[in-house]
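*Asks:* Counting along the sequence shown from 1, when you hit position 31 you're at 32 in the working numbering, and nothing is skipped either side.
Where hints are given, some of them may not hold.
[To be verified] Below, simulated BS3-like cross-link-like pairs (lysine-lysine); rule was C-alpha separation at most 25 Å, straight line:
(1) LYS128 with LYS86
(2) LYS217 with LYS178
(3) LYS16 with LYS39
(4) LYS39 with LYS217
(5) LYS28 with LYS197
These are computed hints drawn from the structure, not numbers from a lab. Because the structure is a prediction, the values reported are computed rather than measured.
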Amino acid sequence: MSPAYPDSMLVKITKLTLFQGAQELCKRDEDLARIVNKIGLPSLRSRAPGYNAILRIIIGQQISTSAANAISERLTAIQNPMTCKTVLKLGPDRLRSLGFSAPKAKYAMGIAEAIENDEFSFRRVAKMTDHAAIKEMIKLKGIGRWSAEVYLLLALRRPDLWPVDDLGIIKGYTHLKGLKKYPDRKKMILIGEAWKPWRSVAARLLWHHINSVERKN
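When you get a sec, could you build the whole thing from the sequences and use the hints?
*Replies:* Have a look at this one:
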């Protein structure tokens with residue numbers, strides 16, 4: 002199997018495959034090559050698979066990074082990694098006291114219940130194709146396509162996810178290409194086509210790029 006064309010079920014993003022994928026992308030896109038030459042490759046950002054990972058992703062939906070980190074730190078002080086059993090013991094009121102909105106507390110409880118009742122399993126998801134895994138995950142309230150894609154990208158370290166609704170990726174691409182406005186969703190999907198089958202690596206490079214830019218500002 003050529004490293005340039007990974008099977009998403011077999012290949013995980015490691016330091017080696019991140020390097021291989023970035024090499025391939027830099028050959029295709031001189032702007033990506035420029036940022037890699039300037040700031041290097043990103044660290045291997047990942048999360049251990051399971052409930053704790055999706056919980057942290059849900060926390061981060063539609064709030065600032067600092068707010069999400071504050072809530073995550075409060076959870077970590079209770080248990081790390083957070084488990085379904087502990088969340089169910091805490092209950093929605095305690096979750097809200099930790100900073101969860103009412104809907105997110107409900108989602109956290111509902112997903113925990115589904116796992117405890119064996120109605121849903123992250124182990125089963127890990128054995129599915131990207132498409133099947135996303136389809137399975139979005140059956141749960143609180144997990145939309147973006148959350149499922151980010152889970153597959155970060156927790157399962159799949160090589161070809163492209164979360165087109167992710168603001169960091171959109172901002173990263175917009176800055177990289179010197180655009181005056183954000184590309185719409187349809188355009189972002191088309192942009193990703195040129196980076197198959199390493200779209201997860203492209204996403205990581207764009208996050209790395211925009212984070213570097215924002216740290217300097």
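*Asks:* Please go over all the hints and tell whether each is borne out by the structure.
*Replies:* Now for the hints, and whether the structure bears them out:
Only pairs whose Cα atoms come within 25 Å are accepted, and LYS128 paired with LYS86 is accepted, the gap being roughly 24 Å. Distance check on the hinted pair: LYS217 and LYS178 sit about 18 Å apart at the alpha-carbon level, within 25 Å; holds. For the suggested pair LYS16 and LYS39, the alpha carbons sit about 18 Å apart, so the restraint of at most 25 Å is met. Restraint check: the Cα-Cα separation between LYS39 and LYS217 comes to about 14 Å, which is no more than 25 Å; the hinted pair holds.
Under the criterion of a C-alpha separation no larger than 25 Å, the hint pairing LYS28 with LYS197 is consistent with the structure, at around 13 Å.
In this structure, none of the earlier numbered hints is contradicted; all agree with it.
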